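Participant: Sequence:
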Amino acid sequence: MLVLSWILNSVSDSIPQSIVFMENAVDVWIDLKERFSQ
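Numbering of the sequence shown is given in the numbering used here, commencing with residue 1 and proceeding in unit increments.
There's no promise every hint is true.
[Said to hold, decoys possible] With a straight-line Cα cutoff of 25 Å, these simulated SDA-like cross-link-like pairs (lysine to any residue) come out:
id, residue 1, residue 2
1, K33, F21
2, K33, W6
3, K33, S14
4, K33, S10
5, K33, Q17
6, K33, V20
7, K33, N9
8, K33, I19
9, K33, I7
10, K33, S12
11, K33, M22
12, K33, V11
13, K33, E23
14, K33, S5
15, K33, D13
16, K33, S18
17, K33, L2
18, K33, M1
19, K33, L8
20, K33, V3
21, K33, I15
Just so you know, these hints were derived from the structure itself, not from any lab.
All values reported here derive from a predicted model rather than from experimental measurement.
Based on the provided sequences and hints, a complete structural model is requested.
Facilitator: If you want it as structure tokens, here you go:
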């Protein structure tokens with residue numbers, strides 16, 4: 001939970017709207033990786 005909070009507080013304000021409902025940090029990290037690796 002600590003890592004998830006850190007990620008949510010570290011990204012742009014427009015991004016957490018899409019990741020705030022994910023259950024764990026791994027899912028959020030994968031989503032962000034896919035989003036920014038294009």
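Participant: Against this structure, judge whether each hint is valid.
Facilitator: These are the hints, each one checked on the structure:
1. The straight-line distance between the Cα atoms of K33 and F21 is roughly 17 Å, inside the 25 Å bound, and the hint therefore holds.
2. Of the supplied pair hints, the one linking K33 and W6 holds, its CA atoms being roughly 16 Å apart against a limit of 25 Å.
3. Taking the CA atoms of K33 and S14, the gap is near 16 Å; set against the 25 Å cutoff, the hint holds.
4. Distance check on the hinted pair: K33 and S10 sit about 14 Å apart at the alpha-carbon level, within 25 Å; holds.
5. For the proposed pair K33 and Q17, the alpha carbon gap of about 16 Å is at most 25 Å, so the pair holds.
6. Simply put, K33 and V20 have alpha-carbon atoms about 16 Å apart, close enough for the 25 Å limit, and the pair holds.
7. With a C-alpha separation of about 16 Å, the suggested pair K33 and N9 falls inside the 25 Å cut-off, and the hint holds.
8. Between the alpha carbons of K33 and I19 the distance comes to roughly 12 Å, so the proposed pair stays at or under 25 Å and holds.
9. Restraint check: the Cα-Cα separation between K33 and I7 comes to about 12 Å, which is no more than 25 Å; the hinted pair holds.
10. Simply put, K33 and S12 have alpha-carbon atoms about 14 Å apart, close enough for the 25 Å limit, and the pair holds.
11. Of the pairs offered as hints, the one joining K33 and M22 holds, with about 14 Å between alpha carbons and a cut-off of 25 Å not exceeded.
12. At roughly 12 Å between alpha-carbon atoms, K33 and V11 fall within 25 Å of each other, so this suggested pair holds.
13. This hinted pair checks out: K33 and E23 have alpha carbons roughly 16 Å apart, not beyond 25 Å.
14. Distance check on the hinted pair: K33 and S5 sit about 17 Å apart at the alpha-carbon level, within 25 Å; holds.
15. In summary, the hint linking K33 to D13 is supported, as the alpha carbons are separated by about 17 Å, within the 25 Å threshold.
16. For the suggested pair K33 and S18, the alpha carbons sit about 14 Å apart, so the restraint of at most 25 Å is met.
17. Distance restraint check for K33 and L2: the Cα-Cα separation of roughly 19 Å lies within the 25 Å cut-off, and the hinted pair is therefore satisfied.
18. A distance of roughly 19 Å separates the Cα atoms of K33 and M1; the hinted pair therefore holds under the 25 Å criterion.
19. This hinted pair checks out: K33 and L8 have alpha carbons roughly 14 Å apart, not beyond 25 Å.
20. For the given pair, K33 sits about 16 Å from V3 by alpha-carbon distance, which is consistent with the 25 Å threshold.
21. For the proposed pair K33 and I15, the alpha carbon gap of about 12 Å is at most 25 Å, so the pair holds.
No hint from the list above goes unmet by this structure.
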